[in-house]
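Letter by letter, the chains look like this.
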Amino acid sequence: EDKVVQSPLSLVVHEGDTVTLNCSYEVTNFRSLLWYKQEKKAPTFLFMLTSSGIEKKSGRLSSILDKKELFSILNITATQTGDSAVYLCAVEEFTNAGKSTFGDGTTLTVKP
Amino acid sequence: GAVVSQHPSWVICKSGTSVKIECRSLDFQATTMFWYRQFPKQSLMLMATSNEGSKATYEQGVEKDKFLINHASLTLSTLTVTSAHPEDSSFYICSASLRAGETDTQYFGPGTRLTVL
Numbered sequence: 001e002d003k004v005v006q007s008p009l010s011l012v013v014h015e016g017d018t019v020t021l022n023c024s025y026e027v028t029n030f031r032s033l034l035w036y037k038q039e040k041k042a043p044t045f046l047f048m049l050t051s052s053g054i055e056k057k058s059g060r061l062s063s064i065l066d067k068k069e070l071f072s073i074l075n076i077t078a079t080q081t082g083d084s085a086v087y088l089c090a091v092e093e094f095t096n097a098g099k100s101t102f103g104d105g106t107t108l109t110v111k112p
Numbered sequence: 001g002a003v004v005s006q007h008p009s010w011v012i013c014k015s016g017t018s019v020k021i022e023c024r025s026l027d028f029q030a031t032t033m034f035w036y037r038q039f040p041k042q043s044l045m046l047m048a049t050s051n052e053g054s055k056a057t058y059e060q061g062v063e064k065d066k067f068l069i070n071h072a073s074l075t076l077s078t079l080t081v082t083s084a085h086p087e088d089s090s091f092y093i094c095s096a097s098l099r100a101g102e103t104d105t106q107y108f109g110p111g112t113r114l115t116v117l
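For the record, the sequence lines run as chains V and A.
The working numbering puts the first sequence at residues 1 to 112.
The working numbering puts the second sequence at residues 1 to 117.
Treat the hints with care, since some could be wrong.
Here are the computed lysine-lysine pairs in the DSBU-like style, where the Cα-Cα straight-line distance is at most 35 Å [said to hold, decoys possible]:
#1 A:20 x V:40
#2 V:57 x V:68
#3 A:64 x A:20
#4 V:68 x A:20
#5 V:3 x V:37
#6 A:64 x V:37
#7 V:41 x A:41
#8 A:20 x V:37
#9 V:40 x V:111
#10 V:3 x A:64
#11 V:3 x A:55
#12 A:66 x V:68
#13 V:56 x A:64
Simulated coverage check for chain V against chain A, where a stretch passes if three residues somewhere in it have a Cβ under 8 Å from a Cβ of chain A [as the list claims (entries may be wrong)]:
#14 35–44
#15 99–108
Rather than coming from a laboratory, the hints here were simulated on the basis of the structure.
In this text the structure is predicted, and so the values were computed from the model without any measurement.
All C-beta atoms, glycine included, are put in the ideal place defined by N, C-alpha and C.
Please build the complete structure, drawing on both the sequences and the hints.
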């Protein structure tokens with residue numbers, strides 16, 4: 001059975017701190033790993049990772065994938081209160097038009 | 001581009017009634033749509049994969065007779081929660097798959113909050 005495990009489950013930091021969120025997976029037909037940010041409603045897309053070792057960056061957020069060790073990390077530098085959200089990791093399969101298995105998410109709280 | 005809408009955004013109903021939720025891809029055709037359920041403080045759980053013109057594929061543990069899915073066109077899938085009970089109260093999210101070359105990208109709808117009294 002496909003499995004995606006995120007850690008930590010929750011994290012409380014202060015503005016300006018740097019955080020690292022982890023995602024490990026066991027999926028039979030891995031195609032890509034995706035990171036989402038979920039605030040009050042549906043998730044919003046952050047990154048899609050398909051290749052090992054290539055960092056993707058968007059502003060203060062960056063992410064990298066290790067396909068040998070089957071994990072990914074999401075880094076957020078200089079955190080702001082607006083970064084408070086649930087961060088979801090999902091793994092897409094090659095089959096089934098991109099069917100995704102989601103992890104339980106990491107709840108990040110950034111205090112002023 | 002690639003916008004997915006859901007209707008309604010929230011619904012309150014009495015126990016025993018049926019509720020229909022629509023998921024539309026507004027500016028693209030989606031041969032595949034996915035339905036997820038999310039309970040408070042939990043992650044998204046895939047309920048079913050819906051392919052246009054064919055029967056939906058349900059995940060283990062999801063009752064197909066209770067959660068009826070119809071994907072009649074390339075831009076519309078509906079989820080009907082039949083004989084709803086309070087334990088069906090949840091946040092239901094759909095996503096539509098957009099194919100570009102060999103890549104499928106999922107775009108999420110804004111979700112529907114269902115409360116069953």
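If you draw a straight line from the CA of residue 64 of chain A to the CA of residue 20 of chain A, is it 35 Å or shorter?
OK: residue 64 of chain A and residue 20 of chain A at ~14 Å, within 35 Å.
Counting residues of the region 35–44 of chain V that have a beta-carbon nearer than 8 Å to any beta-carbon of chain A, does the count reach 3?
Per the Cβ count (4), the hint holds.
When you check the alpha-carbon spacing of residue 20 of chain A and residue 40 of chain V, does it fall within 35 Å?
holds (22 Å)
Could you grab the alpha-carbon distance between residue 3 of chain V and residue 37 of chain V and see if it respects the 35 Å cut-off?
Between residue 3 of chain V and residue 37 of chain V the Cα gap is close to 19 Å, so the pair holds against 35 Å.
Verify this for me: three or more residues of the region 99–108 of chain V with a beta carbon less than 8 Å from a beta carbon of chain A.
Result for this restraint: holds, n = 8.
Would the hint linking residue 66 of chain A and residue 68 of chain V be met if the CA-CA limit is 35 Å?
Roughly 41 Å between the alpha carbons, so the hint for residue 66 of chain A and residue 68 of chain V is violated.
For the pair supplied as a hint, residue 68 of chain V and residue 20 of chain A, confirm whether the alpha-carbon distance does not exceed 35 Å.
violated (44 Å)
When you check the alpha-carbon spacing of residue 3 of chain V and residue 64 of chain A, does it fall within 35 Å?
holds (23 Å)
Given the hint that residue 20 of chain A pairs with residue 37 of chain V, does the C-alpha gap stay at or below 35 Å?
holds (27 Å)
Hint consistency between residue 57 of chain V and residue 68 of chain V [alpha-carbon to alpha-carbon, up to 35 Å]:
Holds - the C-alpha atoms of residue 68 of chain V and residue 57 of chain V are around 21 Å apart, at most 35 Å.
Hinted pair, alpha-carbon criterion (35 Å max): residue 3 of chain V, residue 55 of chain A. Please report holds or violated.
Within the cut-off at roughly 26 Å; holds.
For a C-alpha distance cap of 35 Å, please report whether residue 56 of chain V and residue 64 of chain A respect it.
violated (39 Å)
Hint compliance for this structure: hints 4, 12, 13 are broken, all remaining hints hold.
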